[in-house]
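Residue numbers (our numbering), protein chains in the order written: chain A, 1 to 144; chain B, 1 to 345.
The hints are simulated quantities; they were obtained by calculation from the structure and are not laboratory data. Note that CB positions come from ideal geometry on N, CA and C, so glycine has one too. Do not rely on the hints blindly, as some may be mistaken.
[Unchecked claim] So, partial list: chain A residues that the calculated Cβ filter (under 10 angstroms) puts toward chain B: (1) E18; (2) R68; (3) T76; (4) A77; (5) K80; (6) A81.
[As the list claims (entries may be wrong)] Some chain B residues flagged as far from chain A (calculated, every beta-carbon gap over 12 angstroms): (7) S20; (8) C42; (9) A45; (10) W48; (11) V259; (12) P261; (13) R287; (14) P309; (15) G310.
Next come the chains, spelled out residue by residue.
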Amino acid sequence: MSYAIHARRISHERLGDEVIIINLVTGAYYAGSGTAADVWTLLVQGASIDQAAEKLALEYSGNFPTIRDDVEVCVTALLKAGILDQADAAAAPPSALELPIIASREWKPPAFDEYTDMWDLIQLDPIHDVDDTGWPHALPKSKL
Amino acid sequence: MTSPEVFADAVAASCEAALSRVGARVERFSIGAMSIKLVAPCDEARPWIGRAFLPSPVPAAEAPDREHCLAIWDGTRPESLPPPRPWGPTAHEPLGVIAEYSTGTVRCAFDIHTSSLVVRHDRLNASYVWVPKLADLPAWALASPMRVPLSWLANAHGMQVVHAAAVAMGGRAVLLAGAGGSGKSTTALACAMAGMAYLGDDYCVVEPGMNMVHLLYRTAKLFQASLDMLPKARAWLCNPRRATEEKGVIFFDSSQVSVVPSAPLAAIVLPRLASGERTRISRASRREAIAALLPSTIGGLMGGTAATPGLILKAISGVPIYHLMLGTDLASITDTIRAVSEAQS
């Protein structure tokens with residue numbers, strides 16, 4: 001099973017050891033570094049959990065079963081958050097998985113900083129309604 | 001079903017008709033290499049919405065078709081309203097962007113804070129904003145107008161509007177990033193009043209490809225506590241009678257502080273209130289800079305666009321990042337920012 005990223009809904013970028021993923025529909029964002037960035041990079045390339053774990057075990061000189069379990073936990077969380085979708089079963093397998101060259105890697109369970117309360121942030125001034133013209137209409141109020 | 005292009009064309013026509021009835025004022029400003037023509041109603045009944053922008057010192061662009069038109073109009077009488085919305089009453093939730101009407105060439109949004117409709121129309125190289133009544137906009141809205149269409153425009157030009165303040169010294173800018181109440185505005189204004197150049201206290205524009213910070217608004221919004229620390233600024237407030245109920249708002253002119261359009265980014269600092277008189281710094285990580293910049297930037301800009309993650313990562317990647325533990329002594333704050341700036345020379 002590989003995974004797909006909804007291009008219109010999800011925007012993501014990796015630079016160096018950091019990755020940022022934004023759900024453009026909800027405003028939720030996820031930021032990670034190190035192992036989290038590497039797992040994401042492999043998933044973006046179409047890796048399954050097993051394929052990602054194999055590549056990571058090689059890169060990190062780590063224990064495959066442990067790494068596979070950690071990757072599965074991470075993927076499950078990303079699926080639950082709506083960041084990843086399960087790919088079409090007919091999707092072609094990745095030809096070669098690549099990771100950026102980084103001087104030293106130490107395996108840690110991948111974890112993303114997440115911020116999912118964007119609606120609370122946006123609703124600092126929550127008063128709005130729909131008027132007779134059909135437009136949401138509210139008197140501007142002070143905010144912050 | 002009305003297509004996004006057809007709706008955007010209708011919005012453009014409504015705006016043009018409304019502005020031709022009431023009379024429009026045109027003013028130009030720039031953000032980096034972006035030239036923007038602001039078109040807005042101009043009469044005694046309405047505040048000039050362009051007051052927050054630093055007028056461009058250069059004449060209009062030689063190629064007017066490359067100039068982006070940013071037009072705003074208002075009114076709730078039938079002839080002034082935008083065309084009927086072709087989407088449902090909650091289509092703008094949760095972020096404000098109307099996803100079904102945001103394609104590659106048109107982008108539509110509704111801002112719940114000002115009840116404004118925002119439409120970007122790429123084919124016309126124009127953005128349109130409708131508000132119910134310009135005269136009813138509170139001072140904070142006039143201090144940071146049209147933030148969302150400007151952020152979309154910035155993204156299309158390799159720039160990112162960020163929720164941050166910025167000051168500069170010797171041509172080296174320090175970006176101050178943090179949540180509301182972290183001390184950004186107080187720090188920025190204290191530095192500006194101590195002689196540093198001012199690039200904004202709430203929203204700035206970063207251009208990672210050029211490693212630059214650009215001014216977006218020549219304004220400041222200050223809590224009462226900040227005004228107590230900077231009593232001289234009280235005389236500059238445009239809303240002195242309301243400063244206890246809402247943030248005090250200042251529109252700067254050149255006699256007050258040195259407002260500059262741009263400066264190279266030298267460092268990022270993440271301020272937070274701390275105990276003691278002296279202000280201290282310590283190194284911070286890129287991950288901490290992301291945590292300081294991203295939530296309020298995304299929240300204030302309706303989620304950003306597909307370009308936002310890359311632009312933010314690039315903006316923070318090449319500069320040192322520091323925690324700034326703010327003490328109560330203003331001179332210590334400005335000395336510390338000055339030292340951070342000078343250390344990058």
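Each hint tested on the structure:
no.	hint	in the structure
1	E18	6 angstroms, holds
2	R68	25 angstroms, violated
3	T76	23 angstroms, violated
4	A77	18 angstroms, violated
5	K80	18 angstroms, violated
6	A81	15 angstroms, violated
7	S20	21 angstroms, holds
8	C42	20 angstroms, holds
9	A45	17 angstroms, holds
10	W48	17 angstroms, holds
11	V259	22 angstroms, holds
12	P261	25 angstroms, holds
13	R287	6 angstroms, violated
14	P309	4 angstroms, violated
15	G310	4 angstroms, violated
The structure is inconsistent with the numbered hints 2, 3, 4, 5, 6, 13, 14 and 15, although it conforms to all the rest.
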